[in-house]
Amino acid sequence: MRFGITLGLPLVAALLSGIATQTALAEDGEIKVGVVAAESGSFVSAGNTIAAAAKLATQQINDAGGIKVAGKTYKFKLFIRDDRTNVDTAIAAARELVNDVGVSAVWGTESHDFSVSMAKITGSAKVLQFTGNSSLGGVLSDESVAKDGWLHYTFQTEPQEWQRSTSTAKGVLSLVGPKLKTPPKHSVVFVGNDATGQYLSENYVTALKAEGQTVDLVKYPPDTTDFSPLLTRVKGLNPDVVHFWYNGDSTLIAFPQALKLGVAPAYFLFGVDPGIYKERGLKADQPVTMSCVPMCWGSAPFQAVKDYFEKYFALGAAKGPQSSVSLLYYDYFFMYAKALEQVGKLDDPDAVVAALEKMQYQGVVSAVPLSFNDHHQVTFATEVCLAEPGSSDKFKCAVEAPPATAPKAN
Amino acid sequence: MTMEFLNLKVPMALGGAHGKAPAGSTEGAGNRGRRIEQIALAVALIAIVAALPSLNIGYRFLSIAITTGYTAIALYGLGLQFGQAGIMSVGHAAMLGVGAYTAAMLSNHLGVGFWAALPASIVFAAIAGGLVGLPSLRVSGQHYIIITFCCCALLVICLTNGGKLTGAATGLDVGSIPRVFGINFDKLFNYYYLVLAALVITLGLVYAIVNSSYGRTLRSIRENEQLARAIGINVDLHKIGVFMASGAFAGLAGILQVYYLRHISPTLYGAFPSLYLALMVMLGGGRLIYGPLIGAIIVNFLPEVMDLNPVDSRIAYGVALLVVILLLPGGVSSGLLAIYRWICGRLFGRVSKAGS
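Residue numbers (our numbering), protein chains in the order written: chain A, 57 to 466; chain B, 8 to 363.
Bound conformation, chain B alone (with noise of 0.2 Å):
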């Protein structure tokens, strides 16, 4: 059953482990082995990530971290929503804009700065996700995936046409994030040393939501809804959680988007923005703990490495998406994953070991 869910090794090999083996056996040790091997590769990443700064990147470099930062949050929420539960949106922008504009409404007409708006933000989106995802209890598939892209279609005719309370098409402006600990956030390096703090506490969520019971009965639902159904599981109520809990993370991207670029306008959450958030996630995966987190590196720095237009870009988005569908149907993580089990299978002789 265990075996059905995960659907193959590659959930298994970064995803963690999903069932417990016997104390003291060869499968017990092996999931301690990789355990030890996730938090060492994790610890190491951070470590490099947070050394950046320091390498004297840049401000553009630093400009561009900060914005895929963001988008690398917003989309664990889709990726739990489409590679955990299996329901894909066009319309998570959407939800980036309930956060982004819940966070400059209440700081233009409440006087509400960051701190305190950052968890209304994030409650405002996750209410926004249930609600959006309320259709999925009847729809699913291609139609549901069309609702996701009207209700996107809608948010944004809302906000273009609300007046003075959404700042209608020119949008809102913000003020900065008041200091904590003296901490001046106005400066780019604390403000990408805030983003990664938060991209970190939402690696660990998901990390904790995937490896929980939870996070199995969602990967039931992907698998097969109606056998979910028949063994007891409630699968609406799992599957709102499942979008709550995707708001939740888009929530909290929008407001760090917002404090960042400190100005926000409805085109920033429209139908576009959505497809490239799904992009992201089918190009990086959705179902592996560092997928989406490639897929946002992969689509926000591409253009800058290859100094691509934005016509350019499109075309080696499209193609990048046919060879991932055709090759890596788990994404580039999933294939980078496998290149890092050869060349450990190759220098250790161990993994291959392990992944059998």
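Bound conformation, chain A alone (with noise of 0.2 Å):
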């Protein structure tokens, strides 16, 4: 008798949290969501931090006991693809995530040629994407987000880039000015040439002349090494400030190389973190500004973005110039979570599109709540620092609220 119970117990007790644990998983459901970004090749500074910003989105949302659809539970399930930095491998996964394991969603990609050929997808499988690339500002429009535009499901978390390009033109000119003898009057814009560059480029010219500046843009061919011929054809320029853009990788080889040839008595550094420059023990005799995409880890402005931050890293995400870029991904997993609550149905995209087209969120990216435009586009601040002349660690930073309407070149 005794052994009887010693025995039964256990298997009750086993059998029972086996119907429990059925129970749950019969509860539960799966909701199919993708990342494609470059894990590897030369975009692999960005890719990463879109596949740690969604890996810890949606590990949050499932503990926090996933999604109320219907009244049913669900989960994301994340599947994340490497493009290995290339366009055909983009597409293929693309085409896999969509046909052949069918998400409901995908986030990415970092380049604008990978993000419009996915779209074009997505698009017609009506997939929602998000992608946190800003030159697809060029494309969203009021005919290709409408509901049978080619960009309808297609979501920008970047701000339009006449917004970022005011508040960070706004912010530079501010901080740098009171460590000149003189304000600055004459702007060099170092870009590199490529079809992000060439947007970004475009709209931050336009916001420096606004502000009053002389600019004269010098483009560089993407994947260049030794910046030093055409640095020299900058100072020859005599700047009184040069301007970074926009790829902080590029950035981090060139500016050493500024500094060496005493190029200009002020910098600022595009997508650079003031956690990098501190990690690298960057330094420099001149006031050198920097920005995030969109708010540094280095120096974060709320206690939010520090949080995520710490959990961000806690993940096991390396610290690098461009790990600001996961908060252009993040916070719209939740925004795509609470939409699929509202409508109360999975299999309806076109309801979710309207939804979010309406939603408020308040998310870490942002002080005030993020809401798309009609251009499926959203606004957000952006963070810029000043690293005191001579250190590595002292940094000054004011968060840039952006303008409302776009600038007009004096």
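Keep in mind that the hints were calculated from the coordinates and are not lab data.
Virtual Cβ for every residue (Gly too), placed ideally from N, Cα, C.
Hints are supplied without guarantee of correctness; some may be wrong.
Said to hold, decoys possible - Have a look at the derived ranges for each label pair, beta carbon to beta carbon:
1. A:Ala360 <-> B:Gly325: 42 to 50 Å
2. A:Pro425 <-> B:Cys165: 43 to 51 Å
3. B:Cys165 <-> A:Gly337: 40 to 48 Å
Unchecked claim - Some, not all, of what chain A presents toward chain B, calculated at C-beta under 8 Å:
4. Ser96
5. Asp144
6. Ala149
7. Asp169
8. Val172
9. Ser180
10. Ala251
What the hints assert, rightly or not - Negatives, chain B to chain A, calculated, CB over 12 Å:
11. Gln45
12. Leu48
13. Ala54
14. Trp122
15. Ile134
16. Leu141
17. Pro142
18. Leu172
19. Val181
20. Leu203
21. Ala204
22. Ser219
23. Gly325
24. Val326
25. Leu333
Build the complex from these two chains, which are given one at a time in their own frames, with help from the hints.
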């Protein structure tokens, strides 16, 4: 009898727990979502951040109990695909996620060409796509985001470029100005000559001109490693400030070369986080400003951002010049989850798009609630920091709010 | 003379019979046998490739197969140029770019769709091929290779700074391919068959060129340009001809690429993609009919099959290229052919006789 109880109780308990587990499994559905990002190749620095943000967001949503849709609980199942910084692989990965796996939403990629080609696949399959690529703004229009438009299911998770350019230009000039003997009047924008570089610099030059700057634009071929000939040319233009756009990795190669050549009395490094400036022990006798896309992990402006990066790095993500890019992807998992809950069904992407278009969501990336405009673009502020001359770790940062209207060059 | 041009049995084996043997002779029977063998092999390969989509291989595999298909078409152009005429180019992606941008610009600025743009892409790329080939009349070898590299870089600079005409660095978008007989080419399966059809036509054309008197002339130029001139061959004309043919195939590949990606930008046609095309031809082998296709399959599928990142892939390609140069000068295709012949010889004991 005692033997029977000894054997029987654990058996009953095991059976009951098995039934309970099965009930939980039966109750929990799964929502397949995907990420296409460069986990290898030349865009790996940005691409890794997308995958890391996606892992963190889905883990948090699932750990918090998942999503309730029409009374049933669902958890995100994440599929990450490496595009190897190759458009053919990105397309193959998008096809796989959309057609083979059957995801309902895709995050990525980090490159304009890849994002646009992917949008043609996701759009026709009515799969939502969230991409942080700012140059997508060039094709997001009334027609393309209309119900039958090819970008109806695509959302740009970066602000409109004129907004970011204006807030960045204001922030840089207001921080650098007091450090120079005379207010800066002449800026040189030094930018990689690729799709993103051309698109970004066009807006930034306009923003600088609107701030009263005389601007020269010098473009360098992508993948340049020896910048000295072009930087010598920049020096010959006698700039007050040289603005390095846009690729943080290239900037980190070019900036030390500029310091050696003594190109300008002040610098701005776009997409370089104070955290990486400190980790690399960079130092300059001139004032150096830098901005993050969108908020800096090395100098988090809000507690929410600080908490986010603590969790992000705790998950094993690398501290890189573009780690902050992860914030362009993180909040939108929560927005998507909220939209699904609001719609109350999983098989109506048009309703999810409509819910996202109306949604106000308080995320990490912004101090004010996030919302998409008519062209599926968000609005949030930009953080700009100044490294004190001669210092690697003393920063003065400011969060510049985006303007309401586009700048007009003076 | 013929044997000197052919430079051994490998081109004879799959490249076709280059000299006609008297009817009823043993050699004639061997040629006929090989011809039947080639046709049977081609039909079997096409049947297998055509059946792939029905094997539930997945969209990812199919996507890479499409990429492989149009890359192979471009490679057949380069294969003619390199394998038959002996002139290497490391700027072949530029020809692809001319074809692709012709289609994209016609679509964006004139509203011309795929079918109307198709001949234009081929013709413009052929003209571009001829123009890039002009310097080859004055320089050869590594000097010409550098010129092709420069032409490629020049095209990218022009496209990147071409403003609204070329879409600058952002590039251009194109719409869908208009339906023909109700076939919707937005469906990946249909696009696969479109690329496959183009590839089969390309294979047929290349086979015809290689086995024509023109093909023999090209090989005579490859083997000894001075001798070819001495016997009255218009070498300059034939060289420009092969550049134009090479460009035409690249143009076809270009338009298929742009309507597959639905968006193009200059980075697709830069130095790096060009080097990859040259690598594929050298790996696969430029002289044999299936060489370019094998090269395209290796380079497109190797990272997938072995899950290689770009750095590992480049190391693998480098090692493979060294192995090919040292052990298989005719490319992987010649190695596969040798294995095939060996197996056939062991099984049937006839090929070795025919081969000899």
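So, going through the hints one by one against the coordinates:
no.: 1; hint: A:Ala360 <-> B:Gly325: 42 to 50 Å; verdict: holds (47 Å)
no.: 2; hint: A:Pro425 <-> B:Cys165: 43 to 51 Å; verdict: holds (46 Å)
no.: 3; hint: B:Cys165 <-> A:Gly337: 40 to 48 Å; verdict: holds (42 Å)
no.: 4; hint: Ser96; verdict: holds (3 Å)
no.: 5; hint: Asp144; verdict: holds (4 Å)
no.: 6; hint: Ala149; verdict: holds (7 Å)
no.: 7; hint: Asp169; verdict: holds (5 Å)
no.: 8; hint: Val172; verdict: holds (4 Å)
no.: 9; hint: Ser180; verdict: holds (6 Å)
no.: 10; hint: Ala251; verdict: holds (4 Å)
no.: 11; hint: Gln45; verdict: holds (31 Å)
no.: 12; hint: Leu48; verdict: holds (28 Å)
no.: 13; hint: Ala54; verdict: holds (24 Å)
no.: 14; hint: Trp122; verdict: holds (19 Å)
no.: 15; hint: Ile134; verdict: holds (27 Å)
no.: 16; hint: Leu141; verdict: holds (26 Å)
no.: 17; hint: Pro142; verdict: holds (24 Å)
no.: 18; hint: Leu172; verdict: holds (14 Å)
no.: 19; hint: Val181; verdict: violated (10 Å)
no.: 20; hint: Leu203; verdict: holds (17 Å)
no.: 21; hint: Ala204; verdict: holds (20 Å)
no.: 22; hint: Ser219; verdict: holds (34 Å)
no.: 23; hint: Gly325; verdict: holds (17 Å)
no.: 24; hint: Val326; verdict: holds (18 Å)
no.: 25; hint: Leu333; verdict: holds (28 Å)
The earlier numbered hint that this structure contradicts is number 19, and it is the only one.
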